[in-house]
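*Asks:* Chain by chain, the residues run as shown.
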Amino acid sequence: MPDLHVSLPAKLTEVRNLSAAVERFGDANALPQPTVFIINLALDELITNAIMHGTFDAPDPKIDIHLEIEQNIVTLIMEDNGSPFDPTGMDADDVDTTSSLEDRAVGGLGLHLVRTFAHDLNYEFVDGRNRLTVHHHFKPESE
Amino acid sequence: MNIEVAEEREGGALILLPVGRLDSANARAFESIVMEHIGNDERRLIFDFGRLSFISSSGMRVLLIAAKRLSANEGTIALCNMQDHIEEVFRVSGFDQIIPIRDSRQAALELA
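One line per chain: the protein sequences are A and B, in this order. Count along the first sequence starting at 1, add 5, and that's the number in the numbering used here. Count along the second sequence starting at 1, add 1075, and that's the number in the numbering used here.
Incorrect hints may have been included.
Sample of chain B residues with no beta-carbon within 10 Å of chain A, all distances over it, derived [to be verified]:
#, residue
1, V1094
2, G1169
3, I1174
Computed from the model, here is a short list of chain B residues facing chain A with C-beta under 8 Å [stated by the list, open to error]:
#, residue
4, M1076
5, N1077
6, S1107
7, I1108
8, G1114
9, E1117
10, M1135
11, R1136
12, I1140
13, S1168
14, I1173
By construction, these hints were calculated from the structure, which means they are not laboratory data. Ideal placement from N, C-alpha and C gives every residue a C-beta, glycine not left out.
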């Protein structure tokens, strides 16, 4: 099972090429379709978060994505060369999923989705780079 | 990045059918299209997700803004024909409590 490694410029439009690569990775590894969807959802949310709320001072803002599978666990590692930014520091309880339409806040939903569907989500600042690690457990499709 | 949005009219409602992915790459384009319709005084909007394969919070944000705008103008909104994985995202976000979701377009038309 080959790992997937993709390095992309920190731009929202790059999410598209990445999702196509993740689909191919899913096909090659016989990942269930809902798992592929959740990985692509997490990538869209985490990349959007890094670009919209992080700060990139480097001349070549870059995001590196690494995916691997071991024993029915997909590990997603996202690294970027922006300034230290820990999205997991945002309080999960602050996400508004219950108020009325009039009062419902528009933001903050992305990370809530990542957390809800992932087994865990961890942040580190390593070697001058932000690193987010997401684990997702899945049930292999019966053969 | 653009998004293809098919448009149909049925029973006085405008049906919008986004095609493919609605994500951070094209949510702005989708927002422009939806807001233009609301700005043109469309009061009954149905989003038929029968041709939608993926949505992220960037796309859901547009639906929330549209629902707020329509509600403030005594308009109505309904969603229909969602694939299961997309409906799950709406459910864990609590959007199913504030925006009506129906299995079929016919059922959505009865609301909107």
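*Asks:* So which hints don't hold here, by number, going up?
*Replies:* 2, 3, 5, 6, 7, 8, 9
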